[in-house]
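Guided by the hints, dock chain B onto chain A, whose structure is given.
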Amino acid sequence: MTAAAFGALADTPSSGRRKAWMRSEEARGLALISPTFLYALALLFLPVLIVIAYSFWTQDYLDIDRTFTLENYRQALTEPIYRDLFVRSLWISLTVSIVTVVFSYPVAWFISFHGGVHKNLWLFLVTVPCWTSYLLRVMSWKVILGYGGVMNTGLISMGLIDKPLTSLLYNSNAVVITLVHSWAAFAILPIYVSLQKIDRTLIEAARDLGDSRLKAFLRITLPVSLPGIISAFLIVMIPTVGDYVTPRLVGGKDGVMIATAIQAQFGKAANWPLGAALSVTTMVLVSLTAAAVVLALKFTVRRIR
Amino acid sequence: MADRPMIEIANVSKFYGIYKALDDVSLTIGEGEFFSLLGPSGCGKTTLLRSIAGFETPTAGEIFIDGVPSLALPPNRRPTNMVFQNYAIFPHLDVAENVAYGLKRLRLSAQDERKRVGDALDQVRLSGLGQRKAHELSGGQRQRVALARALVMRPKVLLLDEPLSALDKKLREEMQVELRTLQKAVGITFILVTHDQYEALALSDRIAVMFGGRIAQIASPKEIYQRPRTRKVADFLGGMNFLKAKVLGEQGNAVSVDAARFGAVNLDKPQGFAATNGHVTVGIRPERLRLLWDDDRAPHELAGRIENRAYFGEVTHLTVGVDGLEQPLSLVETNSFGADDLPVGAEIRLAYDPEAFVLLAEDPPVTRV
Numbered sequence: 001m002t003a004a005a006f007g008a009l010a011d012t013p014s015s016g017r018r019k020a021w022m023r024s025e026e027a028r029g030l031a032l033i034s035p036t037f038l039y040a041l042a043l044l045f046l047p048v049l050i051v052i053a054y055s056f057w058t059q060d061y062l063d064i065d066r067t068f069t070l071e072n073y074r075q076a077l078t079e080p081i082y083r084d085l086f087v088r089s090l091w092i093s094l095t096v097s098i099v100t101v102v103f104s105y106p107v108a109w110f111i112s113f114h115g116g117v118h119k120n121l122w123l124f125l126v127t128v129p130c131w132t133s134y135l136l137r138v139m140s141w142k143v144i145l146g147y148g149g150v151m152n153t154g155l156i157s158m159g160l161i162d163k164p165l166t167s168l169l170y171n172s173n174a175v176v177i178t179l180v181h182s183w184a185a186f187a188i189l190p191i192y193v194s195l196q197k198i199d200r201t202l203i204e205a206a207r208d209l210g211d212s213r214l215k216a217f218l219r220i221t222l223p224v225s226l227p228g229i230i231s232a233f234l235i236v237m238i239p240t241v242g243d244y245v246t247p248r249l250v251g252g253k254d255g256v257m258i259a260t261a262i263q264a265q266f267g268k269a270a271n272w273p274l275g276a277a278l279s280v281t282t283m284v285l286v287s288l289t290a291a292a293v294v295l296a297l298k299f300t301v302r303r304i305r
Numbered sequence: 001m002a003d004r005p006m007i008e009i010a011n012v013s014k015f016y017g018i019y020k021a022l023d024d025v026s027l028t029i030g031e032g033e034f035f036s037l038l039g040p041s042g043c044g045k046t047t048l049l050r051s052i053a054g055f056e057t058p059t060a061g062e063i064f065i066d067g068v069p070s071l072a073l074p075p076n077r078r079p080t081n082m083v084f085q086n087y088a089i090f091p092h093l094d095v096a097e098n099v100a101y102g103l104k105r106l107r108l109s110a111q112d113e114r115k116r117v118g119d120a121l122d123q124v125r126l127s128g129l130g131q132r133k134a135h136e137l138s139g140g141q142r143q144r145v146a147l148a149r150a151l152v153m154r155p156k157v158l159l160l161d162e163p164l165s166a167l168d169k170k171l172r173e174e175m176q177v178e179l180r181t182l183q184k185a186v187g188i189t190f191i192l193v194t195h196d197q198y199e200a201l202a203l204s205d206r207i208a209v210m211f212g213g214r215i216a217q218i219a220s221p222k223e224i225y226q227r228p229r230t231r232k233v234a235d236f237l238g239g240m241n242f243l244k245a246k247v248l249g250e251q252g253n254a255v256s257v258d259a260a261r262f263g264a265v266n267l268d269k270p271q272g273f274a275a276t277n278g279h280v281t282v283g284i285r286p287e288r289l290r291l292l293w294d295d296d297r298a299p300h301e302l303a304g305r306i307e308n309r310a311y312f313g314e315v316t317h318l319t320v321g322v323d324g325l326e327q328p329l330s331l332v333e334t335n336s337f338g339a340d341d342l343p344v345g346a347e348i349r350l351a352y353d354p355e356a357f358v359l360l361a362e363d364p365p366v367t368r369v
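Here the protein sequences come in this chain order: A and B. Its first residue numbered 1, the first sequence is counted upward by one per residue in full-length UniProt numbering. Its first residue numbered 1, the second sequence is counted upward by one per residue in full-length UniProt numbering.
There's no promise every hint is true.
Said to hold, decoys possible - Chain B is faced by these chain A residues, among others (derived, beta-carbon under 8 Å): (1) Asp65; (2) Asp199; (3) Arg207.
Claimed, not checked - What follows is a list of derived Cβ distance ranges for each label pair: (4) Phe103(A) x Gly118(B): 17 to 27 Å; (5) Phe217(A) x Pro40(B): 34 to 44 Å; (6) Phe103(A) x Thr57(B): 28 to 38 Å; (7) Phe217(A) x Thr57(B): 19 to 29 Å; (8) Phe103(A) x Leu71(B): 55 to 65 Å; (9) Leu218(A) x Gly67(B): 46 to 56 Å; (10) Phe217(A) x Ala202(B): 31 to 41 Å; (11) Asn86(B) x Pro129(A): 52 to 62 Å; (12) Tyr16(B) x His114(A): 14 to 24 Å; (13) Ser138(B) x Leu43(A): 17 to 27 Å; (14) Leu121(A) x Gly139(B): 35 to 45 Å; (15) Phe217(A) x Asp112(B): 19 to 29 Å; (16) Thr57(B) x Thr132(A): 16 to 26 Å; (17) Thr57(B) x Ala31(A): 27 to 37 Å.
As the list claims (entries may be wrong) - Some chain B residues judged to face chain A by a derived CB distance under 10 Å, without partners named: (18) Tyr198; (19) Leu201; (20) Phe242; (21) Pro299.
These aren't lab readings, by the way, just hints derived from the structure by calculation. Glycine included, every Cβ here is placed at the ideal spot set by N, Cα and C.
If we strip away everything but chain A, and leave its shape as in the complex, we get (with noise of 0.2 Å):
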């Protein structure tokens, strides 16, 4: 059998290899991911390299001009008008991702170091919330910020206010509460994954060398759950930046973000070329962004000693 065989790879060295490599765990793992990986490549990849096609063409009435050219992006960047927005919705997506992670870090700290044999149960009443619709979470804040909502009739049987307050609701700071409430089970489960994950010696041993308790959290459990950190932050930033419903429900006039004006672009507008290179610019905003927070993230959490 071995003469033979050896003969046979000798005379066929490619297809001998090629059936070796096929029984390989290589060939078995692409062979696993490779639907998943085609419908990310059909459903994701393509459509993205097509957006980004289209943004260096030019609407010609109904038409597309094929020929190469960065007007779309000199107007994206440089109209006053586009860079607000862009202004605007950077600045709304990172304050409504740092006050997420900031509410959200304390419920997984509790859920993780104080939730006892109920860990489970509280994990589910923080995804309870997301069991209604994007569109019910969000109106339902129409009804408690409202001119005589919860919140206004609240204030005023408590004394505290004598007519109802208008700047609650058809602002940017609506659009924070609101965005920041539907993000928050994001936010709280990677959290929660990177505490649970702390070995519980560590902080012990963080005591033992003389750290308080508050300086064994800032010293030991936040390093040491930063990637948690990271991770919710990175999943409330990237999608809340190009939100079109919250804005458009509870925004106003001043909450419009920059979905909005991509939105206008593709429909009223017709516009595809300038919708596109909107589009793109945002993802390289926030792309860029993202990457800035990180940084700084790390290199806070690396300064406290």
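Positioned in the frame of chain A, the structure of chain B alone reads:
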């Protein structure tokens, strides 16, 4: 044992609900002493160590560390440092940062801090590995980092929670020698928790054997091995042949018993000794029984037959049946004279020394739930 007490544990109890983890434990550990808490898992030894460190709060009693009542003090205010069982090396810091962790609070100059970290790393023979990350260290190295991190704080007491249990046998034996040398060099009190009796015997000045949340005996390694007070202590510290013996007479601190085929034996009374129906338990260690070859003669002899044997390389464990004894005797013979070649069923003669018998007190009944 040094003359000045460093740790005094006074009537400490710890209950988890109705479960007694520690049941009225009292003991004193001297300055510069290497003290071991030895016992099976769940005997309360770790709870006691963690109570000294401040991670557990006893339900009753008081712990004095260098004369200071310490139960109300949090771990960071006690002059103790601990080496954790899993070493608890901070994963986000390198070796030098791990060792320097506790020093930050002292606000030393950068130069002084570097020097102390360097000295501590030298002490545990890790010089030059300061820049390594935690995940790049072997088990033995992690243990050394944990030691250096605790010793650099210059604690009055170093607490070691089964520090060698995660290491393989060879490394463990190496580290035992090093730990002993290190303790002699730094001269502070070491308290070691272990379930490995050989480790406790090899390292300690004194050993406390614990069962069921109580201390069964505190003594030097030699005394605790040769003169165990109760049957359980004797059993935990190694092989022991137990025999039922009849009390012949008592005189002061001495008891004379009839140890079946071994004849009349005079023994010291252990503390808490009481005969039940005129019967007591006596014990003799397997290595105190000796095989007699050919023409060898001994003042005290016994004939028997090999029922079983187990080969352990340097020694052979033999089980020898003796007429008139309820249980066969076990004995340990070195293989220098060919004990490993004796067939099962061979008729042999044993020599024993009546002085080697110990009288064992009954163990207190286990009261925990």
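Here is what the structure says about each hint:
{"no.": "1", "hint": "Asp65", "in the structure": "violated, 54 Å"}
{"no.": "2", "hint": "Asp199", "in the structure": "holds, 7 Å"}
{"no.": "3", "hint": "Arg207", "in the structure": "holds, 4 Å"}
{"no.": "4", "hint": "Phe103(A) x Gly118(B): 17 to 27 Å", "in the structure": "violated, 44 Å"}
{"no.": "5", "hint": "Phe217(A) x Pro40(B): 34 to 44 Å", "in the structure": "holds, 36 Å"}
{"no.": "6", "hint": "Phe103(A) x Thr57(B): 28 to 38 Å", "in the structure": "holds, 33 Å"}
{"no.": "7", "hint": "Phe217(A) x Thr57(B): 19 to 29 Å", "in the structure": "holds, 20 Å"}
{"no.": "8", "hint": "Phe103(A) x Leu71(B): 55 to 65 Å", "in the structure": "violated, 38 Å"}
{"no.": "9", "hint": "Leu218(A) x Gly67(B): 46 to 56 Å", "in the structure": "violated, 33 Å"}
{"no.": "10", "hint": "Phe217(A) x Ala202(B): 31 to 41 Å", "in the structure": "holds, 40 Å"}
{"no.": "11", "hint": "Asn86(B) x Pro129(A): 52 to 62 Å", "in the structure": "violated, 38 Å"}
{"no.": "12", "hint": "Tyr16(B) x His114(A): 14 to 24 Å", "in the structure": "holds, 18 Å"}
{"no.": "13", "hint": "Ser138(B) x Leu43(A): 17 to 27 Å", "in the structure": "violated, 47 Å"}
{"no.": "14", "hint": "Leu121(A) x Gly139(B): 35 to 45 Å", "in the structure": "holds, 38 Å"}
{"no.": "15", "hint": "Phe217(A) x Asp112(B): 19 to 29 Å", "in the structure": "holds, 27 Å"}
{"no.": "16", "hint": "Thr57(B) x Thr132(A): 16 to 26 Å", "in the structure": "violated, 45 Å"}
{"no.": "17", "hint": "Thr57(B) x Ala31(A): 27 to 37 Å", "in the structure": "violated, 57 Å"}
{"no.": "18", "hint": "Tyr198", "in the structure": "violated, 26 Å"}
{"no.": "19", "hint": "Leu201", "in the structure": "violated, 28 Å"}
{"no.": "20", "hint": "Phe242", "in the structure": "violated, 40 Å"}
{"no.": "21", "hint": "Pro299", "in the structure": "violated, 57 Å"}
Of the numbered hints given earlier, the model fails hints 1, 4, 8, 9, 11, 13, 16, 17, 18, 19, 20, 21; all others are met.
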